[in-house]
Amino acid sequence: MKVVVFYSGEFGRTLIENLVNASGFCVSCGDACTLCKSGKYSLAEDLVSVIEMPDPDTLDDFLDDVDPHIPPGIPQADIAIVSNVHPDIIFGLLPILKDKGYKGIIGGSERPKELPLGLRTQLAEEAGKLGLEAAFAKPFCGLRPDPATPAINAFMEKAHFGEPKIEIITQKSRAGKETILAANVVRSAPCGSTWYVAKRMTGLEPDQPDLRERISEAHHAYPCTASMDQDPELKDTILHKAGYIIRDAVEDSIKRADRADPRDSGTFSGSGRAKVGG
1 MKVVVFYSGE FGRTLIENLV NASGFCVSCG DACTLCKSGK YSLAEDLVSV
51 IEMPDPDTLD DFLDDVDPHI PPGIPQADIA IVSNVHPDII FGLLPILKDK
101 GYKGIIGGSE RPKELPLGLR TQLAEEAGKL GLEAAFAKPF CGLRPDPATP
151 AINAFMEKAH FGEPKIEIIT QKSRAGKETI LAANVVRSAP CGSTWYVAKR
201 MTGLEPDQPD LRERISEAHH AYPCTASMDQ DPELKDTILH KAGYIIRDAV
251 EDSIKRADRA DPRDSGTFSG SGRAKVGG
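Take full-length UniProt numbering: the final residue in the sequence shown is number 278, and no numbers are missing along the way.
In case anyone wonders, no lab produced these hints; they're calculated from the structure.
Computed from a prediction, not measured in an experiment: that's the story for all the values here.
Ideal placement from N, C-alpha and C gives every residue a C-beta, glycine not left out.
Any given hint could turn out to be false.
[Stated by the list, open to error] List time: in silico DSS-like cross-link candidates among lysine-lysine, alpha-carbon distance up to 27 Å:
| id | residue 1 | residue 2 |
| --- | --- | --- |
| 1 | Lys98 | Lys165 |
| 2 | Lys158 | Lys100 |
| 3 | Lys241 | Lys113 |
| 4 | Lys158 | Lys113 |
| 5 | Lys241 | Lys255 |
| 6 | Lys40 | Lys2 |
| 7 | Lys158 | Lys241 |
| 8 | Lys235 | Lys165 |
| 9 | Lys158 | Lys98 |
| 10 | Lys172 | Lys158 |
| 11 | Lys113 | Lys255 |
| 12 | Lys177 | Lys40 |
| 13 | Lys255 | Lys172 |
| 14 | Lys98 | Lys2 |
| 15 | Lys40 | Lys235 |
| 16 | Lys165 | Lys241 |
| 17 | Lys165 | Lys177 |
| 18 | Lys2 | Lys129 |
| 19 | Lys255 | Lys40 |
| 20 | Lys158 | Lys235 |
| 21 | Lys2 | Lys165 |
| 22 | Lys177 | Lys235 |
| 23 | Lys129 | Lys100 |
| 24 | Lys158 | Lys2 |
| 25 | Lys235 | Lys113 |
[To be verified] Beta-carbon label-pair distances, calculated as ranges:
| id | residue 1 | residue 2 | range |
| --- | --- | --- | --- |
| 26 | Lys158 | Lys113 | 27 to 33 Å |
| 27 | Ser23 | Glu217 | 37 to 43 Å |
| 28 | Thr179 | Leu130 | 35 to 41 Å |
Kindly generate the complete structure, drawing on both the sequences and the hints.
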């Protein structure tokens, strides 16, 4: 599963570092870091190239000739990811990607002016005409697996990439209450924030009144890099939309949570392994 990233700006750099699970990339926990992502995944060997593109804000809204902006020597790969790339350049890339043997293209919007709905639809249609799978989302963490895009789905599974999905294990604590014992990331937002949010959920009670505030606090503390400008398509800010997505992911995982039955090992610490049941 070979991947090439075409990007400009902060979010693209964040996405790349998350893809390769770079050491020291996530610093949100500071001295309390437990290396929760260490060894869990890495696309370092599959990431064929990262290609920095011109910032769309430095270009005209409409480009009559995109050839000067198409990078030379685009390598062969399976999946292309575009982040903050001028839409006319993306259109120009599509036939080249097809000729190079690519199977699909992925993109997302982190700012209101970046790939609005009409452009996302047109790009997906043009890619389809060429026989390329396409998946575009606003925000990027809204990217979901789709039966119509098996190659992209395979990439998302391998990279733990897309709409957040978490598995939670709870354990009985005080009378009538449960505590989140563990939160495992199955799929993370492309920026990597889901790992931090999951870690911050451990030790909380699933029904505590301020759970949503705790989720939001963790999401903002990472921090999310989506725009705080009002988006006419979402009728809200993209950052808020990203916050709703991770909140829904945590709440859904709580509904599906496994329950652990703690067993006392007979030692002073009582550190027996928990038996997990449905």
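message: Going through the numbered hints above, which ones does this structure break? Give me the numbers in ascending order.
response: 1, 4, 10, 11, 12, 15, 20, 22, 27 and 28
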